[in-house]
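Number of protein chains: 2
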Amino acid sequence: MRPNDPSKLALSPLSNEVNQMLSNSQGNQAPRNTEDGNEKLNKQRSFEVVRESMHSAISMNKTEVLDAVLNDFSEGYFSLSFENRRKLLLTLAKEYDLNRTQVRELIKQYLGLQLPGGNEAQSGGVEDEGFLSTFYRIERNLRHSLKPVYEVLFERLNTHPGGLKVLTILRADILSILAAENISSLRALDSYLKEKLSTWLSPAALELHQITWDDPASLLEKIVAYEAVHPISNLIDLKRRLGVGRRCFGYFHSAIPGEPLIFIEVALLKAVAQTIQEVLWDHPPILESEATCALFYSISSTQPGLAGINLGKFLIKRVITLVRRDMPHISVFATLSPIPGFMQWLLSKLASQSKLAEAEDISCSSADRSGLTFYENVLEPEEERRLIESSGDFAAGKNGMEIMLNLLTPTSHDWTNSSKLLSALKPALMRLCARYLLQEKKRGKALDSVANFHLQNGAMVQRINWMADRSEKGLRQSAGIMVNYVYRPETIEEYAHSYFSLGHIHSSSDVRRYVQPLTENESSTN
Amino acid sequence: MRPNDPSKLALSPLSNEVNQMLSNSQGNQAPRNTEDGNEKLNKQRSFEVVRESMHSAISMNKTEVLDAVLNDFSEGYFSLSFENRRKLLLTLAKEYDLNRTQVRELIKQYLGLQLPGGNEAQSGGVEDEGFLSTFYRIERNLRHSLKPVYEVLFERLNTHPGGLKVLTILRADILSILAAENISSLRALDSYLKEKLSTWLSPAALELHQITWDDPASLLEKIVAYEAVHPISNLIDLKRRLGVGRRCFGYFHSAIPGEPLIFIEVALLKAVAQTIQEVLWDHPPILESEATCALFYSISSTQPGLAGINLGKFLIKRVITLVRRDMPHISVFATLSPIPGFMQWLLSKLASQSKLAEAEDISCSSADRSGLTFYENVLEPEEERRLIESSGDFAAGKNGMEIMLNLLTPTSHDWTNSSKLLSALKPALMRLCARYLLQEKKRGKALDSVANFHLQNGAMVQRINWMADRSEKGLRQSAGIMVNYVYRPETIEEYAHSYFSLGHIHSSSDVRRYVQPLTENESSTN
Numbered sequence: 001m002r003p004n005d006p007s008k009l010a011l012s013p014l015s016n017e018v019n020q021m022l023s024n025s026q027g028n029q030a031p032r033n034t035e036d037g038n039e040k041l042n043k044q045r046s047f048e049v050v051r052e053s054m055h056s057a058i059s060m061n062k063t064e065v066l067d068a069v070l071n072d073f074s075e076g077y078f079s080l081s082f083e084n085r086r087k088l089l090l091t092l093a094k095e096y097d098l099n100r101t102q103v104r105e106l107i108k109q110y111l112g113l114q115l116p117g118g119n120e121a122q123s124g125g126v127e128d129e130g131f132l133s134t135f136y137r138i139e140r141n142l143r144h145s146l147k148p149v150y151e152v153l154f155e156r157l158n159t160h161p162g163g164l165k166v167l168t169i170l171r172a173d174i175l176s177i178l179a180a181e182n183i184s185s186l187r188a189l190d191s192y193l194k195e196k197l198s199t200w201l202s203p204a205a206l207e208l209h210q211i212t213w214d215d216p217a218s219l220l221e222k223i224v225a226y227e228a229v230h231p232i233s234n235l236i237d238l239k240r241r242l243g244v245g246r247r248c249f250g251y252f253h254s255a256i257p258g259e260p261l262i263f264i265e266v267a268l269l270k271a272v273a274q275t276i277q278e279v280l281w282d283h284p285p286i287l288e289s290e291a292t293c294a295l296f297y298s299i300s301s302t303q304p305g306l307a308g309i310n311l312g313k314f315l316i317k318r319v320i321t322l323v324r325r326d327m328p329h330i331s332v333f334a335t336l337s338p339i340p341g342f343m344q345w346l347l348s349k350l351a352s353q354s355k356l357a358e359a360e361d362i363s364c365s366s367a368d369r370s371g372l373t374f375y376e377n378v379l380e381p382e383e384e385r386r387l388i389e390s391s392g393d394f395a396a397g398k399n400g401m402e403i404m405l406n407l408l409t410p411t412s413h414d415w416t417n418s419s420k421l422l423s424a425l426k427p428a429l430m431r432l433c434a435r436y437l438l439q440e441k442k443r444g445k446a447l448d449s450v451a452n453f454h455l456q457n458g459a460m461v462q463r464i465n466w467m468a469d470r471s472e473k474g475l476r477q478s479a480g481i482m483v484n485y486v487y488r489p490e491t492i493e494e495y496a497h498s499y500f501s502l503g504h505i506h507s508s509s510d511v512r513r514y515v516q517p518l519t520e521n522e523s524s525t526n
Numbered sequence: 001m002r003p004n005d006p007s008k009l010a011l012s013p014l015s016n017e018v019n020q021m022l023s024n025s026q027g028n029q030a031p032r033n034t035e036d037g038n039e040k041l042n043k044q045r046s047f048e049v050v051r052e053s054m055h056s057a058i059s060m061n062k063t064e065v066l067d068a069v070l071n072d073f074s075e076g077y078f079s080l081s082f083e084n085r086r087k088l089l090l091t092l093a094k095e096y097d098l099n100r101t102q103v104r105e106l107i108k109q110y111l112g113l114q115l116p117g118g119n120e121a122q123s124g125g126v127e128d129e130g131f132l133s134t135f136y137r138i139e140r141n142l143r144h145s146l147k148p149v150y151e152v153l154f155e156r157l158n159t160h161p162g163g164l165k166v167l168t169i170l171r172a173d174i175l176s177i178l179a180a181e182n183i184s185s186l187r188a189l190d191s192y193l194k195e196k197l198s199t200w201l202s203p204a205a206l207e208l209h210q211i212t213w214d215d216p217a218s219l220l221e222k223i224v225a226y227e228a229v230h231p232i233s234n235l236i237d238l239k240r241r242l243g244v245g246r247r248c249f250g251y252f253h254s255a256i257p258g259e260p261l262i263f264i265e266v267a268l269l270k271a272v273a274q275t276i277q278e279v280l281w282d283h284p285p286i287l288e289s290e291a292t293c294a295l296f297y298s299i300s301s302t303q304p305g306l307a308g309i310n311l312g313k314f315l316i317k318r319v320i321t322l323v324r325r326d327m328p329h330i331s332v333f334a335t336l337s338p339i340p341g342f343m344q345w346l347l348s349k350l351a352s353q354s355k356l357a358e359a360e361d362i363s364c365s366s367a368d369r370s371g372l373t374f375y376e377n378v379l380e381p382e383e384e385r386r387l388i389e390s391s392g393d394f395a396a397g398k399n400g401m402e403i404m405l406n407l408l409t410p411t412s413h414d415w416t417n418s419s420k421l422l423s424a425l426k427p428a429l430m431r432l433c434a435r436y437l438l439q440e441k442k443r444g445k446a447l448d449s450v451a452n453f454h455l456q457n458g459a460m461v462q463r464i465n466w467m468a469d470r471s472e473k474g475l476r477q478s479a480g481i482m483v484n485y486v487y488r489p490e491t492i493e494e495y496a497h498s499y500f501s502l503g504h505i506h507s508s509s510d511v512r513r514y515v516q517p518l519t520e521n522e523s524s525t526n
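Residue numbers (UniProt numbering), protein chains in the order written: chain A, 1 to 526; chain G, 1 to 526.
There's no promise every hint is true.
[Claimed, not checked] One-sided excerpt, in silico: chain A residues whose CB lies under 7 Å from chain G:
| id | residue |
| --- | --- |
| 1 | 159 |
| 2 | 203 |
| 3 | 257 |
| 4 | 514 |
| 5 | 516 |
Hint data in this document are derived by calculation from the structure and do not stem from the laboratory. As the structure is a computational prediction, the values presented were derived from the model and not from experiment. From the three backbone atoms N, C-alpha and C, an ideal C-beta is built for every residue, glycine too.
When you get a sec, could you build the whole thing from the sequences and use the hints?
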């Protein structure tokens, strides 16, 4: 430590400082390198100070004045530029991992000992307890030696007021860095931190709390800020989402007070809604006693640093249990969900396939089609015919797919204003959307992130809805289509399991109907 | 699983069943072997069923119907006799530890790879990321392979409603078994479970709650049941401990609702109390605004299965912070504590030394004193003289120590009814008590468990008080002497550290005065 260093931050309680930092670094980007040379020097010095406080936080004896050092480190970290945060995290990943000399020494000792009683340990109870005790001790030491030194920092921050929040921000920064460059040591640190966070954020440590209009404004403000699916436009909108016929539940952790880690918005309805408009705006709420359906229409995580830790699964299960207990007349649990990856997948498919189609036109009469095995007409003949017929005034193209691509690409979404185009596009878009949801996979899991989320939680694909979200975001992401996933309490575990182990996507016959004819046509048209 | 096994327990929500079991197994002893042959057969069958549900709970895929299996296991476990619990825990420790064949295989792979960039990893950033990524992967696999399989059961129970409580009971049983027999594998399991519990019960996961007369009777009942230091005699006593001039704070974990893991009772006073009578009974409470001292007069852990996990340290620190914030006129934080090990130490010292004294009498004139190097007259000459003078009617003995031993041993504590004996014993007992607290150690730590607890938390020994606890327990444990430890917020961390690393026991000059003359006399009398 440098006691007289003028750039050294004063010791002070974490909470206020950190909260300020947090609101500045929302979206976890510290300002990137906009300072002049002088400020750069200050930043650089400050980097060394933060590095030292990190070192102290890790190497101090556990009974020492940890709180001050941890505050010091946290505040220092937040004051760093993104570039310096990156440097610090790399230092942590590389210089505070393992003492590998010690690991090898313990491995040598370990290998020098005989296994106790074989794997099944069918001992007659007359083993030498002294020897066994040595064996277990060395095994434990080896286990401990394989723990990276940075675990100490994680553990200490976790038990420090405000520290869990600091850890989620560290991890958000790590994920930003890893998205830009692949650094093995940092990836190893990230996977370690993620494991730790998963443990600490076990459902046992989380509290379910219904968020109402009576909650503090500081909490409601967070709901408005974090709502990721359907932005909350004003106070009336917020009040409605917390009022009659609506519920909002959050998962809270005692170490991150005043904001949920994840929250879900629920509408109590007579039937599963087909459009988001009717949920958010159109319909006045019904009598709650007449509701038969709880519709989950929005679920938002608030901490980017908790990416990959599935808190939603337990939240949904607990909310279902709670609603069933309090309102036994509600028997249907469904979502009205976006399909965030549909258009991206479709447009890239249309672009690549219409290029291949062009190539096919050229080599059409040639006998050599081996270069074209990836070619597939995404459209059915009838769909292509209607598109070509109705697109005249709007878009050109050498084939149906190119026309569709040119219709759907502009961000003005002009196609939605023409009833002719709407009815020409609808059959193709609905069929392709069903195909996207049920058949397009990556490593055996649904390609769409929201689909993957609900399917791994044990839901099934129930229905897809045309023009269900006419917002700019809805049109851009999924041509306005939304999907209802349904959770049946009695099949949640079974579906989750068969999806997890076999990649099986459960769906209603209504949705399957869209894709079954395709399979037949495919074989007849190719 | 044996679906048709008639002894199979029905699946049902855990909470009620477990709560019943809990109140039956308070003190964590299941009935030991009192059943007849027939019942034994049932128990035995039930053991196999519980063993199978334990196996399922560990080996199931994580998306399967875990909740039912974990309930099944927990209920099954509670239904077992202590003997069968022991058998099951040994099975868990021996057959669900490590796959050591896999460990050795991974060690082989690991040793086949070069260390990345040495220990200091001063790499120029041009390392082969592909190789490093393989290295970190194998290291992680090795780390994971060294985790015992039973960790899965612990982790799953921890995230299961009611499961943390089940784990504390498992551990209480394990500690009972280990107290009777030393089984290395079970000791290894215990140390692993203890590490896990420490992590899960980090202060970040605990909530401080002030317990008041407005709390549910079911919670207050637990306070009465668990109060370990000064038993609560009736409702009026309880109400007084929660009323004006008193505070009671508990540490709660969300997974163990309705009962604190540890709680502390505080009296707001004008001065540090010298006797427990004035705290519990004699004095009417003062105006809280006139208080200058917060006296911690009782601290009780409620879970035997959390032995060795220091929750008290954080509780005390948080309570001090809270009281300082709410009542800035309170500046003294002290305890009035029992000295549970004093009499046991003193009586055994008196017994052994008076025997050695006898031996010395015999070999008194002999030149060979080498066999007597451990001999020490525990009493000072003046103390011995007064004891011999005043003990005539009460006890005999060949020397002062034997007389003292004979006076103090009877459980009737007759010596407390004679003012002559009281004044003869007081100087010796007070001096020896100060010596016991300040100088008697085991592995560098205070021999007395309560002293060790407060010293490791950063307190100092402030004052010892004559006839401070005249209850049977107080007389038996410490001849009625109690001690005030003082916590000075500004020195807590420093004292905790010097005690931890150097075994330094901080004390006031008042207490040191008792032992300093002894050191001078010792050199002059020997």
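Cross-check of the supplied hints:
no., hint, in the structure
1, 159, "holds, 4 Å"
2, 203, "holds, 5 Å"
3, 257, "violated, 10 Å"
4, 514, "violated, 28 Å"
5, 516, "violated, 28 Å"
Of the numbered hints given earlier, the model fails hints 3, 4 and 5; all others are met.
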